[in-house]
Structure formats: structure tokens, C-alpha cells
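Colleague: Residues per chain are reported as follows:
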Amino acid sequence: DAKTTQPPSMDCAEGRAANLPCNHSTISGNEYVYWYRQIHSQGPQYIIHGLKNNETNEMASLIITEDRKSSTLILPHATLRDTAVYYCIVSPAFLTTSGTYKYIFGTGTRLKVLA
Amino acid sequence: DAGVIQSPRHEVTEMGQEVTLRCKPISGHNSLFWYRQTMMRGLELLIYFNNNVPIDDSGMPEDRFSAKMPNASFSTLKIQPSEPRDSAVYFCASRPPGGEQYFGPGTRLTVT
Chain A
1 DAKTTQPPSM
11 DCAEGRAANL
21 PCNHSTISGN
31 EYVYWYRQIH
41 SQGPQYIIHG
51 LKNNETNEMA
61 SLIITEDRKS
71 STLILPHATL
81 RDTAVYYCIV
91 SPAFLTTSGT
101 YKYIFGTGTR
111 LKVLA
Chain B
116 DAGVIQSPRH
126 EVTEMGQEVT
136 LRCKPISGHN
146 SLFWYRQTMM
156 RGLELLIYFN
166 NNVPIDDSGM
176 PEDRFSAKMP
186 NASFSTLKIQ
196 PSEPRDSAVY
206 FCASRPPGGE
216 QYFGPGTRLT
226 VT
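For the record, the sequence lines run as chains A and B. For the first sequence, this note's numbering begins at 1 and goes up steadily by one. For the second sequence, this note's numbering begins at 116 and goes up steadily by one.
These are calculated hints, taken from the structure and not from any lab test. Treat the hints with care, as some may be off.
[To be verified] The calculated label-pair distances, taken between Cβ atoms and stated as ranges, are:
(1) B:ASN145 x A:GLN45: 17 to 25 angstroms
(2) B:GLU129 x A:GLU66: 23 to 31 angstroms
(3) A:THR107 x B:SER122: 40 to 48 angstroms
(4) B:GLY118 x A:GLU58: 17 to 25 angstroms
(5) B:PRO123 x A:ASN30: 21 to 29 angstroms
(6) A:ASN23 x B:ARG200: 29 to 37 angstroms
(7) B:ALA187 x A:ASP11: 26 to 34 angstroms
(8) B:PRO185 x A:LEU80: 24 to 32 angstroms
(9) B:THR191 x A:GLU66: 19 to 27 angstroms
(10) A:GLY29 x B:ASP171: 15 to 23 angstroms
[As the list claims (entries may be wrong)] Per the computed footprint, the stretches of chain B lying under chain A, defined by three or more beta-carbons under 8 angstroms from a beta-carbon of chain A, are:
(11) 156-170
(12) 186-199
(13) 215-226
This one's a predicted model, so the numbers in the text were calculated from it and none came from an experiment. Where is the CB? At the ideal position from N, CA and C, for every residue including glycine.
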């Protein structure tokens, strides 16, 4: 079972910010939060990841709560091309004997950007 | 870098035939992952390797599935014999130490 919970779908108006929430209440201390998206049937595409600090890159921002039990992915100015399924995943960054290194994908959030 | 390379991109075969899917990871990545995606079950991890050694194959559905990684630049996923329920998109991904996974374009397998 996935270690994260996401809403199944969201709509966002083009040009507006898209805020995608994720709950990961059982996250371990060595686990990062990763966000990916999948457009149509293409391979999932990496967006951003973080451990406990907020992160920003050219694609998005990631806000992680202080207790690390939830996070929000923010697409600041959504475009039609951002329509995709967005996955939130928790995983260690390194292979360790105490934790699994694999991604477990849930059902994600299907974001539809409306013109 | 060309990214993760998978071949073939599409495969149509008859039930009972052997199918071999191939993956070339990104140079320098030391972990490789095989996934299967269907409408019913979503994206499932089948097996992953670290430094060419299989670490977790608990997602391999049954003995008809096998995966190998003979060297750092090549991996295969084999299905023998194939069945219609194996029809899916199969993704390969690679990951550098401490980094994120990079996915290939996938192989769409249809078993008739």
C-alpha cells in the first residue's frame, strides 16, 4: 500500500496557482517527499523533492509542514500542459538496511487545467 | 544524455510466446527499477536492482516473470510464457545515488 494519500482529482483555471495536497503521516525520519507527474501514458516525470525545508525549482514549489506529516505541491501559474496525474511518494534517498528504497505509487491526483 | 532507453516501444505477441523487454539506464545511475502500469492496478513496482544486484523482487507477479541485470548498462525483463493479462505498459527507471528516479518512455505490451 502507498504511504501517501492524495485527493483523486482537482481542477485549476489556467494561469492560477495549483495547490496539490498530500498526506504522509507515517513518514520516517530518513524519508524524503518526492513529487512526479505523468502526462497521458508517458513515463512519470520528476518534479521536485524535499526532506523538511520548503523547496523551489523552475517547475514548482514544495511546502512541507513542520511535523512532516503532509506537504503541498504548488504550480504557481498552471498551464494546459500541466494537465496530468500528480504522484506524491515518500522514500529514502539512499539504500539502507533499515528502510525500503523503492517508490510505492498510489493513485495520485488527476489535475485538469481549464482554459 | 539520452535518458533511459527502452526497447521495443511496442510489442504485440500471441499468448504462450516469450517476450523480452530491454532497458538501458542512464550512465552513472546505480539503481534500476521495473514497473508495470495498467488501468486496473495503476503503477506497480516489479523488481529493482542496486549495483546490478536484485534487491526486492516481491512485486514480480509469478514465476513466468524474470529480470536480469548482467551489467550496469543493461537490463531485461522476460515473460515466458506470456498471457493476455500481462498486457500493460512496462516502465524502466534508473536512479543515481541519493537522487531521484528517471523513467523511460515505456514498452506497451499487448498479448493476444
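Colleague: Can you tell me whether the CB distance of GLY29 of chain A to ASP171 of chain B sits inside 15 to 23 angstroms?
Modeller: holds (21 angstroms)
Colleague: Does the Cβ distance between ASN145 of chain B and GLN45 of chain A fall inside 17 to 25 angstroms?
Modeller: With a Cβ separation near 21 angstroms, ASN145 of chain B and GLN45 of chain A satisfy 17 to 25 angstroms, so the hint holds.
Colleague: Range first: 29 to 37 angstroms. Now tell me if the beta carbons of ASN23 of chain A and ARG200 of chain B are that far apart.
Modeller: holds (32 angstroms)
Colleague: With respect to the beta-carbon atoms only, verify the hint that PRO123 of chain B and ASN30 of chain A lie 21 to 29 angstroms apart.
Modeller: violated (38 angstroms)
Colleague: Between the segment 156-170 of chain B and chain A, see if three or more residues pass the 8 angstroms beta-carbon test, and mark the coverage as holds or violated.
Modeller: Satisfied; 7 residues make the cut.
Colleague: Can the suggested window of 40 to 48 angstroms be confirmed for the beta-carbon pair THR107 of chain A and SER122 of chain B?
Modeller: For THR107 of chain A and SER122 of chain B the Cβ distance comes to about 29 angstroms; the hint is violated.
Colleague: Okay, the segment 186-199 of chain B and chain A, do three or more residues pass the C-beta test at under 8 angstroms?
Modeller: Coverage by chain A is violated for the segment 186-199 of chain B (0 residues, Cβ < 8 angstroms).
Colleague: Counting residues of the segment 215-226 of chain B with a beta carbon closer than 8 angstroms to any beta carbon of chain A, are there 3 or more?
Modeller: The restraint on the segment 215-226 of chain B holds, since 8 of its residues have a Cβ under 8 angstroms from chain A and three suffice.
Colleague: Between the beta carbons of PRO185 of chain B and LEU80 of chain A, is the distance compatible with 24 to 32 angstroms?
Modeller: For PRO185 of chain B and LEU80 of chain A the Cβ distance comes to about 43 angstroms; the hint is violated.
Colleague: Look at the Cβ atoms of GLU129 of chain B and GLU66 of chain A and judge whether their distance stays inside 23 to 31 angstroms.
Modeller: violated (56 angstroms)
Colleague: For the pair ALA187 of chain B and ASP11 of chain A, does the Cβ-Cβ distance stay inside 26 to 34 angstroms?
Modeller: Check failed, 44 angstroms falls outside 26 to 34 angstroms.
Colleague: At the C-beta level, are THR191 of chain B and GLU66 of chain A separated by a distance inside 19 to 27 angstroms?
Modeller: Taking Cβ atoms as reference, THR191 of chain B and GLU66 of chain A lie about 45 angstroms apart, which means the hint is violated.
Of the numbered hints listed earlier, those contradicted by the structure are 2, 3, 5, 7, 8, 9, 12.
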